[in-house]
Amino acid sequence: MVERRSFLNVALPHIILMLGVVIVFFPVYLAFVASTWDPATIINGNMGVLPGPHLIENYNRILFSGTSSSTREPVINMMFNSLCMAVMIAVGKIIISIFSAYAIVYYRFPFRMAAFWIIFVTLMLPVEVRIYPTYKIVSDLGLLDTYPGLTIPLIASATGTLLFRQFFMTIPDELLEASKIDAAGPFRFFKDTVLPLSMTTIAALFVIQFIYGWNQYLWPLLITTKDSMATIVIGIKKMIVTQDALTEWQLAMATAVLALLPPVIVVISMQKLFVKGLVETEK
Amino acid sequence: MDKRTVFSGYAIPAALLLPQLLITVIFFYLPAGQAVWQSFQLEDAFGTSRQFVGFENYQILFSKPEYFKAMGVTLVFSSAVAFLSLSISLLLATMANKHIRGAGAYKTLLIWPYAVAPAVAGVLWLFMFQPSLGMVAQLLKRWGIDWNPLLNGNHALMLIILAATWKQISYNFLFFLAGLQSIPHSLIEAAAIDGARPVRRFWTVIFPLLSPTTFFLLVVNITYVFFDTFGIIDAVTGGGPAASTTTLVFKVYHDGKSGGDLGLSAAQSVILMVIVVALTAIQFRYIERKVNY
Chain A
0 MVERRSFLNV ALPHIILMLG VVIVFFPVYL AFVASTWDPA TIINGNMGVL
50 PGPHLIENYN RILFSGTSSS TREPVINMMF NSLCMAVMIA VGKIIISIFS
100 AYAIVYYRFP FRMAAFWIIF VTLMLPVEVR IYPTYKIVSD LGLLDTYPGL
150 TIPLIASATG TLLFRQFFMT IPDELLEASK IDAAGPFRFF KDTVLPLSMT
200 TIAALFVIQF IYGWNQYLWP LLITTKDSMA TIVIGIKKMI VTQDALTEWQ
250 LAMATAVLAL LPPVIVVISM QKLFVKGLVE TEK
Chain B
0 MDKRTVFSGY AIPAALLLPQ LLITVIFFYL PAGQAVWQSF QLEDAFGTSR
50 QFVGFENYQI LFSKPEYFKA MGVTLVFSSA VAFLSLSISL LLATMANKHI
100 RGAGAYKTLL IWPYAVAPAV AGVLWLFMFQ PSLGMVAQLL KRWGIDWNPL
150 LNGNHALMLI ILAATWKQIS YNFLFFLAGL QSIPHSLIEA AAIDGARPVR
200 RFWTVIFPLL SPTTFFLLVV NITYVFFDTF GIIDAVTGGG PAASTTTLVF
250 KVYHDGKSGG DLGLSAAQSV ILMVIVVALT AIQFRYIERK VNY
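For the record, the sequence lines run as chains A and B. Everything in the first sequence is counted per numbering that gives the first Met the number 0, starting at 0 for the first residue and increasing by one. Everything in the second sequence is counted per numbering that gives the first Met the number 0, starting at 0 for the first residue and increasing by one.
Just so you know, these hints were derived from the structure itself, not from any lab. Careful: at least some of the hints might be erroneous.
Claimed, not checked - Under 7 Å between C-beta atoms, here's a sample of chain A residues computed to sit facing chain B:
1) Tyr28
2) Ala30
3) Ile42
4) Val232
5) Ile235
6) Ala258
7) Pro262
What the hints assert, rightly or not - Below, computed lysine-lysine pairings styled on DSS-like, alpha-carbon distance capped at 25 Å:
8) Lys271(A) <-> Lys135(A)
9) Lys179(A) <-> Lys190(A)
10) Lys135(A) <-> Lys256(B)
11) Lys275(A) <-> Lys106(B)
12) Lys225(A) <-> Lys2(B)
13) Lys190(A) <-> Lys63(B)
14) Lys190(A) <-> Lys135(A)
15) Lys275(A) <-> Lys135(A)
16) Lys256(B) <-> Lys97(B)
17) Lys256(B) <-> Lys68(B)
18) Lys237(A) <-> Lys225(A)
19) Lys179(A) <-> Lys2(B)
20) Lys97(B) <-> Lys275(A)
21) Lys271(A) <-> Lys106(B)
22) Lys237(A) <-> Lys256(B)
23) Lys271(A) <-> Lys68(B)
Quick reminder that beta carbons are idealized off the backbone N, C-alpha and C, glycines included.
Produce the complete structure using the sequences and hints provided.
Laid out in structure tokens, this is it:
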């Protein structure tokens with residue numbers, strides 16, 4: 000501490016940070032409040048900032064029976080779809096990228112660098128720039144409204160491979176030499192040495208990719224047409240009707256709370272892994 | 000950067016690489032290549048015949064005022080979000096970096112919006128600013144502001160800027176905090192001994208040393224606004240009113256959905272690809288070299 004501890008030096012940071020926290024929390028808090036009121040109170044603008052008496056009723060209704068007009072799918076099914084999508088993307092990405100990174104780092108073969116660059120360039124092709132051609136390929140393969148169609152096109156990307164490659168480069172060469180002396184083959188070395196050492200990297204990547212998968216929007220919007228395949232993020236959008244008289248705000252806001260809770264819990268409960276994953280995937 | 004000892008053989012590495020390469024080629028290169036190919040083609044209304052037309056699609060695209068409007072919207076949107084979210088998070092990170100009680104708790108309380116889906120963030124802000132029932136909208140009305148993002152394009156744009164900024168603060172905060180923590184304390188003390196007050200120290204010592212982080216975040220934020228805010232726009236405004244929140248990415252989606260000209264839509268995709276390539280190239284070229292002095 001360079002400065003004397005004057006009032007300004009001690010109090011100002013707290014005031015600004017608390018203001019920041021309030022701004023960050025307020026929209027979510029208001030959504031929670033809305034999810035505990037009845038539609039009439041919300042539409043008349045009499046909601047206020049304190050929770051109302053309809054919490055259990057609203058959540059019970061939205062989770063197990065859905066809205067009455069727009070999308071009638073129970074939100075619990077949407078959450079299940081989102082969970083499947085997020086876990087499949089995260090696990091799939093970890094598996095294919097740890098394998099490809101292992102091949103690139105621990106083998107010498109023709110076109111090794113070419114393979115690396117082919118993967119690397121995909122960093123520059125986010126799904127948003129190739130929406131319709133990719134959609135057409137998925138539809139030609141008959142994968143619309145299926146989990147594979149929802150997940151496989153998203154599991155190949157350079158981030159995982161680059162992250163594992165970077166980590167493998169830090170594993171000392173002596174470990175491989177020692178394993179070779181012990182007559183361990185590539186599979187033994189992978190299973191007994193590389194995999195245990197990679198556990199934190201895998202966990203960090205899982206946290207980031209779970210959030211990425213859960214929050215996908217454009218892709219499920221295109222690939223899913225049936226309500227039974229909709230993810231929760233898509234479900235919310237369907238509940239917001241432009242003619243706002245028809246929007247059941249208390250249910251839409253309950254869905255918003257349910258949609259943001261799982262990834263937020265993941266971030267807060269695994270903060271260390273989350274920060275590690277975030278910093279390292281951006282290298 | 001190669002390993003001294005490796006395994007030998009070709010079959011195993013080929014098998015290990017196959018899944019990723021297969022998916023990459025089918026879902027990345029094929030569609031991207033198709034987009035490039037289509038952008039040079041003219042297809043008739045029934046899709047029965049096509050012909051090579053060179054850069055005609057691009058010429059048509061650049062003669063359309065809507066396309067320039069979308070470019071302008073994208074530019075305003077991304078610079079506003081980048082400026083707002085970077086300055087707010089830098090302020091918060093500077094405060095959290097002081098030796099105060101509960102710094103760790105503040106960090107936890109500030110980083111979680113990263114995990115909120117853009118579309119959900121959009122809906123939260125839409126609810127607050129909904130003209131007839133939103134809490135903030137009612138407040139604005141009481142102050143005599145005729146707030147209506149459903150009719151007023153500027154209001155709609157402001158709304159998505161706020162939602163996008165809100166969501167991006169946590170990410171920038173985290174990286175700024177890490178950047179601030181890596182600045183050696185001795186430098187700040189030296190400046191203090193020379194008589195520099197806190198504000199002067201910030202602008203002459205801390206801010207320049209932070210420039211690699213700031214620059215990195217600037218590029219990441221622009222990429223974020225270009226691509227990841229699609230969910231916010233689609234959920235809050237649907238690109239309207241009167242295309243005043245239609246960004247380049249939203250336009251590709253929207254034009255394609257309404258079954259427009261394939262060649263034109265592909266040309267738009269190709270231009271976006273060029274933009275991503277440029278942004279990624281800048282990121283890799285300069286991040287390594289560090290922008291500080």
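Problem set entry | 25 Å Cα cutoff - pair Lys271(A), Lys106(B) | holds (12 Å)
Exercise. Is the hinted pair Lys275(A) and Lys135(A) satisfied, with a Cα-Cα distance of at most 25 Å?
Worked result: violated (36 Å)
Exercise. Holds or violated: are the alpha carbons of Lys135(A) and Lys256(B) at most 25 Å from each other?
Worked result: holds (13 Å)
Exercise. Under the criterion that the straight-line Cα-Cα distance not exceed 25 Å, is the pair Lys190(A), Lys63(B) satisfied?
Worked result: violated (58 Å)
For this session: Decide if the proposed pair is consistent with the structure: Lys237(A) and Lys225(A), CA atoms, cutoff 25 Å inclusive.
Result: holds (12 Å)
Problem set entry | Given hint Lys68(B) paired with Lys256(B) - CA-CA distance at most 25 Å | Distance of about 19 Å is within 25 Å: holds.
Problem set entry | Holds or violated: Lys275(A) to Lys106(B), with C-alpha atoms at most 25 Å apart | Measuring from Cα to Cα gives roughly 14 Å; hence the hint holds.
For this session: Hold the hint about Ala30(A) up to the distance rule: shortest CB distance to chain B must be less than 7 Å.
Result: holds (5 Å)
For this session: Please verify that hint: Pro262(A), Cβ, nearest Cβ of chain B, below 7 Å or not.
Result: It holds, given that the least Cβ distance between Pro262(A) and chain B is near 4 Å, below 7 Å.
For this session: Verify the proposed pairing of Lys237(A) with Lys256(B), using a straight-line Cα cut of 25 Å.
Result: Cα-Cα ~17 Å, so holds.
Exercise. Is Lys190(A) close enough to Lys135(A), meaning Cα to Cα at most 25 Å?
Worked result: violated (39 Å)
Exercise. Holds or violated: are the alpha carbons of Lys256(B) and Lys97(B) at most 25 Å from each other?
Worked result: violated (51 Å)
In the structure shown, a violation is registered for the earlier hints numbered 1, 8, 12, 13, 14, 15, 16 and 23, in ascending order.
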